[in-house]
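Peer 1: Protein chains in written order, with our numbering: chain A, 1 to 950; chain B, 1 to 247; chain C, 1 to 312.
None of these hints come from the bench; they were simulated from the model. Treat the hints loosely; a few may be bogus.
[Unchecked claim] Listed below are the simulated DSSO-like cross-link pairs for lysine-lysine, each with C-alpha atoms no more than 27 angstroms apart in a straight line:
(1) A/Lys502 x A/Lys81
(2) B/Lys243 x A/Lys284
(3) A/Lys536 x A/Lys929
(4) A/Lys811 x C/Lys138
(5) C/Lys216 x B/Lys214
(6) C/Lys216 x C/Lys135
(7) A/Lys109 x A/Lys626
(8) A/Lys600 x A/Lys447
(9) A/Lys81 x A/Lys600
(10) B/Lys187 x A/Lys56
(11) B/Lys243 x A/Lys317
(12) A/Lys536 x A/Lys21
(13) A/Lys663 x A/Lys56
(14) B/Lys243 x A/Lys382
(15) A/Lys39 x A/Lys21
(16) C/Lys245 x C/Lys138
(17) A/Lys21 x A/Lys447
(18) A/Lys109 x A/Lys502
[As the list claims (entries may be wrong)] Computed, partial: chain C to chain A, Cβ under 8 angstroms:
(19) Leu220
(20) Pro223
(21) Ser227
[Said to hold, decoys possible] Computed footprint of chain C on chain B; a stretch qualifies when at least three of its residues, placed anywhere within it, have a C-beta under 8 angstroms from a C-beta of chain C:
(22) 30-36
(23) 106-117
(24) 144-150
(25) 158-169
(26) 192-202
Keep in mind that this is a model prediction, so the values were computed, not measured. For every residue, glycine included, the Cβ atom is placed at its ideal position computed from N, Cα and C.
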Amino acid sequence: MPDGSTTDRIAYSAPIGDEVKTTTCYMCACRCGIRVHLKDGRVRYIEGNPDHPVNKGVLCGKGSAGIMTQYSPARLQAPLKRVGPRGSGEYAEISWDEAMEIATSALRKVRETDPKRLAFFTGRDQSQSLTGFWAAQFGTPNFAAHGGFCSVNMAAGGLYTIGGSFWEFGEPDWERSKYLLILGVAEDHDSNPIKTGLAALKQRNAKVVSVNPVRTGYSAIADEWVGIRPGTDGLFVMALIHELLRNDWVDSEFLVRHTNAHWLVIRNPGGADDGLFARDADGKPQAWDRARGAMDAAAADLSPVLVGDFTLPDGRKARPVFHLMAERYLGAEYAPEAVAERCGLDAERIRRIAAEMADVAFNQTITLDQPWTDTLGRRHEKMVGRPVALHAMRGISAHSNGFHTCRALHILQMLLGAIDTPGSWRYKAPFPRPIPPGPGPAGKNSKPNTPLAGNILSFTHGPDDLLVNDDGSPIRIDHSFSWEAPLGLHGMMHTVIGNAAKGDPYRIEVLFMFMANMAWNSAMNPLETIECLTAKDESGDYVIPTVIYSDAFFSETVPYADLILPDTTYLERWDCISILDRPIGSSHGPGDAIRQPVLKPDRDVRPFQDVLIELGARLGLPAFTKEDGSARFKDYADYIVNHERMPGVGPLAGWRGEDGSAKGVGKPNPDQLQRYIENGCFWRHDFSAEESYFKHSNKLYLENAKAMGLIGKSDQIVLQIWSEPLQKFRLAAEGHGEKQPPEALRERVRTYCDPLPIWYAPLEQVAHDVSDFPFSAVTQRPMAMYHSWGSMNAWLRQIHGANRLYMSRTKGEAMGIAQDDWVWVESRNGRVKGQVTLMEGVNPDTVWTWNAIGKRAGAWMLSPDAAEAQRGFLLNHVISEWLPAQTGPRLANADPITGQAAWYDLRVNIKKCAPGEEGITAPHPSALKPPPNMPEPPDILRFNAGDKKP
Amino acid sequence: MTSLPNPTPGAKKLGLVIDLDTCVGCHACATNCKEWNTSGHMAPLPDQHPYSAAQEGVWFNRVHAYEAGDGDEGRTVHFPRSCLHCETPACVTVCPTGASYKRAEDGIVLVNTDMCIGCQLCAWACPYGARELDEDQGVMKKCTLCVDRIYNETIPEDRRVPACVSTCPANARHFGDLGDPNSDVSKLVAERGGYELMPEMGYQPVNRYLPPRKASSQVKTAPKEAGPLPSQITNPLLRWMDKVLSR
Amino acid sequence: MKPAPSIIFFTVASGAGYGLLFWLGVLKPLGLLPASSLFGATAAIIALALIVAGLCSSLLHLGRPERAWRALSQWRSSWLSREGVAAVLTFLPATVFLIALAHDEAGLILPAGLLSAAGAAVTVYCTGMIYASLKPVKEWHHPMVAPGYLLFASFSGASLLAMLAIFWGGGFFPALVAAALGMAALMFKRAYWASVDATPAASTRESATGLGFIGKVRPLESPHTESNYLLREMAFRVGRVHAAKLRIIALLLGFALPALLFCLAIILGGGGAAMALGLLAAASAVAGLLVERWLIFAEATHTVSLYYPTQR
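The following block holds chain A by itself, in its conformation from the complex:
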């Protein structure tokens, strides 16, 4: 009898589907290009787009599971109006007309009276150039996305120091680097480029060192894992700086050409000018020339002195930045021996790593035969690179000392001469930008029916730019850009709901949120957030009167909103990864991208951006209405093409101009989206070899970037070791100037607004007695799950359906805790229960778990007995949004400079559960009720595109 081989019918060359469309992935924030194959109107297969600059054909575990997100039963079906109490899940399905009417009237009332009583906060929003603009048009300063609890320390630390940043605005030179030091890097932004880059580096035999309390993911494949204690990275980095200085492993040529190392700082303790740069009459920073004394620090023929005390022509004393910096970091408190124990590392190891970095930087230099011209017009025959690259992410960012640690990392890079040189860290276009870029944040004079002029989320240069009232109190509901967070450039979403409920600094009328799961994993303390959302005043009205929420899925936050505006999935919409926001540019050149609708929604849902634009028109926001009062834009696609932020500058940089020939600046092109689609839904421009490095000082690059609208001026961007804006805040705290911090905050501002990076123990850990809480506790994002966007995905939830508490095997065994035991994790804020996995590769004083796997029972259309609710838990429940109670204002558990939520400062203790407590995680809030008319989730999935079976 024949076997299967003779009768098995294999369709070797069956077409994948009947149609293929390109678009941009949104299974995480990485913005990879995808090709979506459709068969009989259903998604057959999603693959990476080989032509796309971000992912070059690869696609991660999440992106490859997009089909199951598209067909998830948790997709909201239609607009909903709350008919029961908040949290009850009692909703009535309503029409879009009614929904828009409700939203418009609530918003109109606010705008006509006091626009700042609208708090508009979006989550992992990739349309911030629209949402932020809309908020400014509305007239409220109370806008931000999720950056405040994500990455603002990295953004601010970088943008105030080197005019770019780790994470979004820079990347290692994956092609040339010989030594890569990554700190606190887990699966975050740039996930595919990092994976691809690490593999390339390893295959070239470059060394990868990962500093991380946990040895998983990227740390697992690093050549060396440095299992540091959370929150001490700053000490480690400053000890590296100490070693470089001690051994004079310093690229002084780089420092004087590209940084402010030689700039003179005025020494006038107690004076109003102390710590500011010495400037000439034209405001030009001064340096000390070996022969000629004080002169323009930017002069080509300068021979600057780095060390010494000098007297300026006007008699004031001054000292170069380098001197101040070297003095600080050569201090004994930054010696490896002094920091080793606190970091949980050997001093010898710190010394060796510093020596290795210096060896690669100075002995293994890369020289490209590529002439270039600097901003002084001098031609250089070669590009000389220091092939040491750094990359850092959330492990640095999510601490209350993260801003300074991040700045210290950039100083380390500067000392090695390793910024935007061959083999080092490089800017991603459209960066570098001036330090800091642009004017201060808008929002000081919010008035009825009046747009705010400027950007809401912008950059403070000093006290004058703060959004504070005359008494120093915050103008913004989240206290961002106040003395509590003077560089709060991404807002502080984690404080919005708590402040709104407390009326601090005032009550709001409407809380409008998009795609932010604030009643669960996006809040530092979800149960407290839920209390705030459901709190009522004496008259029985909700303290936050109106909550409007837009999401595509039945998340934990949905039941707490009064009006639900159901969004589409990422495959059903137009979108724009805008050059005005965080585009897909790389070190090779600028780029941006779009999403196009690949499928038509099969539900009564609308893309949030369409809805927002229509609301803008209904409210009569000037930029969204024509002179006759009619809508200016038909929908988001129309806006993407025709909106101009400045003449010739719009959301997309590619194919501008009437004939589509312009890049960056040009008139709107009616065919622009079609041109993007023809090109795979992205646009990129490649730098010439001459523009590719030293972009902060590269004349050709800067001039071209200006012509393309990437930057406003083509001046050299001088990297800032000494940060003058910080010193200005400090001077105010010391009693200078008109704007000074309130007394309760004076000392705090003085301490933390240090113009040179400092290290201090995380604020939360100092503010309460941590001796009862010996462990640091952190979370990591698993590579196959992005925040909460995965538990409604039938495939991804099989990979991560529950989470464990991971701890050191030796530590666990010493405490009598065995593999699979159930434990309580207790902090000053409460306790959670979970099951233990013992492991080797973790800092012994650290416990950790996967982020956002635990789900509230009933949410995401999972049955209440789903593993996510039974054996999944959030660490969030033991974190607090607030620092431990102390005198003075209630302060956020955040970085004192940027307001970055300090998730990773958490300290806990671990206790074995009592017998009988095992088996289910805690807390376990009551099961949520699904909205009406949600589809019944099937008990078996037989997904087979084209096959008509269910």
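Position chains B and C relative to chain A; hints supplied.
Peer 2: Using the frame of chain A, we list chains B and C on its own:
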């Protein structure tokens, strides 16, 4: 015939080479495999209880993580596991119906799901857990090495590799003819000491795993003479005092 | 390995059926059994009924039982296929044997009986070899597994035959055989357990992953947080303490007690008490073998489990 094809010297042996040195454990290979194959030759790959407790499904590729060695000396290794397309696969010879077979032309091990009776003996016979029962259809399913992709003339030639290979962001998966000693994959195996899993079983897996490498020896020497300790000199800053610099 | 009730019942029932058929086929022609044709026919019917019931039960284990006929095709390589073919072929002489016994066709009883016995032995051997050929399960891939299947089948068959023979008043010889086989099976099973307990697994986490060169290998994360087919089917593991108890129960109930009871029955020589002892002995043997067979699966470790954390 579930007897194996006669081994011929130089016969094509298509298979995978998996680089444990760069695999970061992202599960891309697993989910991309799932999405390709649930509408592919062995479609569907069903999922039971997809939105309730005890969710599970049929997957052809599963990614584990291990810790090898103790403490700082150890390593975390991510470890994708799928069919190894053995040269002498007992999953084929134990099959009573002939549904399970190994192709003479390229060595791929397949199941003809029209003939499978779901006795599961092949799954028992596989040491590697490569076969998973579709409990819905009652037949065994397994990795096809994307036989409906690798020869697919509607796909650009450079993408005619298994889905797991084309999607892997860490370049940790390589596909080719391991029967040809001059193929790229064979050379990679030779260079990096690629190994078989459980050689003691004698199944002669075609797939190879590349071991995690020892830490790079890139860094050889300290850059210059290590400097004196700051405490050993009165003013360490003096070193830069006389440094003549130009902009 | 998962102890699937359908397979446990199948191997115990058809094993006993084939054992009964074997001894009937061998001892009947030799005249060592009661001469009654009713006895012969009853024994043969019981044997065939057990075989058919067992085979039917085995179909329940199939995902697609309606395709079971396909399993006869690959006898050249597959022990399962061979078992199927042998089972089908054995029905031919067995049916003739049954008719011959019922009609007391002395001329046919000898050839049909011996052919049936041979078929039974071959079928049970094939069953044993299905397990013995599976390298990934060290408890099965063992030289004593196939002989064990033969021994246990012949013992349980002999026990049933002895019970019936006692009913018909001629149980001396079959009871002697059953008692002897019971003692042999007891010693054999103990020797088997001693051997598998002492033999380290050929494969380890280190060889399964190839990472032993770094050090001890410990699972950190599974590919899925819930169970799956592989874990349910192949990583089932009975607790050590529980297994030790069940081993003693299997030995006592399955082998020692029946042997003892048959000896007592022999001493009693016949009558109601002997019949009761015979019935009890056979029932005990079958019950013990069900426990023994459950353990065959529950104690079997598949190499797949090396890839996963130890199941608790």
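Peer 1: Are the hints correct? Go through all of them and say.
Peer 2: For each hint, the structure was consulted:
1. A/Lys502 x A/Lys81: 25 angstroms, holds
2. B/Lys243 x A/Lys284: 24 angstroms, holds
3. A/Lys536 x A/Lys929: 22 angstroms, holds
4. A/Lys811 x C/Lys138: 36 angstroms, violated
5. C/Lys216 x B/Lys214: Roughly 17 angstroms between the alpha carbons, so the hint for C/Lys216 and B/Lys214 holds.
6. C/Lys216 x C/Lys135: 24 angstroms, holds
7. A/Lys109 x A/Lys626: 22 angstroms, holds
8. A/Lys600 x A/Lys447: With Cα atoms ~40 angstroms apart, A/Lys600 and A/Lys447 exceed 27 angstroms; violated.
9. A/Lys81 x A/Lys600: This hinted pair holds, its Cα atoms lying about 24 angstroms apart.
10. B/Lys187 x A/Lys56: 25 angstroms, holds
11. B/Lys243 x A/Lys317: 21 angstroms, holds
12. A/Lys536 x A/Lys21: With Cα atoms ~49 angstroms apart, A/Lys536 and A/Lys21 exceed 27 angstroms; violated.
13. A/Lys663 x A/Lys56: 23 angstroms, holds
14. B/Lys243 x A/Lys382: Cα-Cα ~24 angstroms, so holds.
15. A/Lys39 x A/Lys21: Since the Cα atoms of A/Lys39 and A/Lys21 sit roughly 11 angstroms apart, the hinted pair holds (cutoff 27 angstroms).
16. C/Lys245 x C/Lys138: Between C/Lys245 and C/Lys138 the Cα gap is close to 21 angstroms, so the pair holds against 27 angstroms.
17. A/Lys21 x A/Lys447: 45 angstroms, violated
18. A/Lys109 x A/Lys502: 22 angstroms, holds
19. Leu220: C/Leu220 check passes; min Cβ-Cβ to chain A is 6 angstroms, inside 8 angstroms.
20. Pro223: Result: holds, 7 angstroms to nearest chain A Cβ.
21. Ser227: 10 angstroms, violated
22. 30-36: violated (count 1)
23. 106-117: With 3 residues close enough to chain C, the hint holds.
24. 144-150: Violated, because only 0 residues of the segment 144-150 of chain B bring their Cβ atoms closer than 8 angstroms to Cβ atoms of chain C.
25. 158-169: n = 0 at 8 angstroms, threshold three: violated.
26. 192-202: holds (count 8)
In this structure, the earlier hints numbered 4, 8, 12, 17, 21, 22, 24 and 25 are contradicted, and the remaining ones agree with it.
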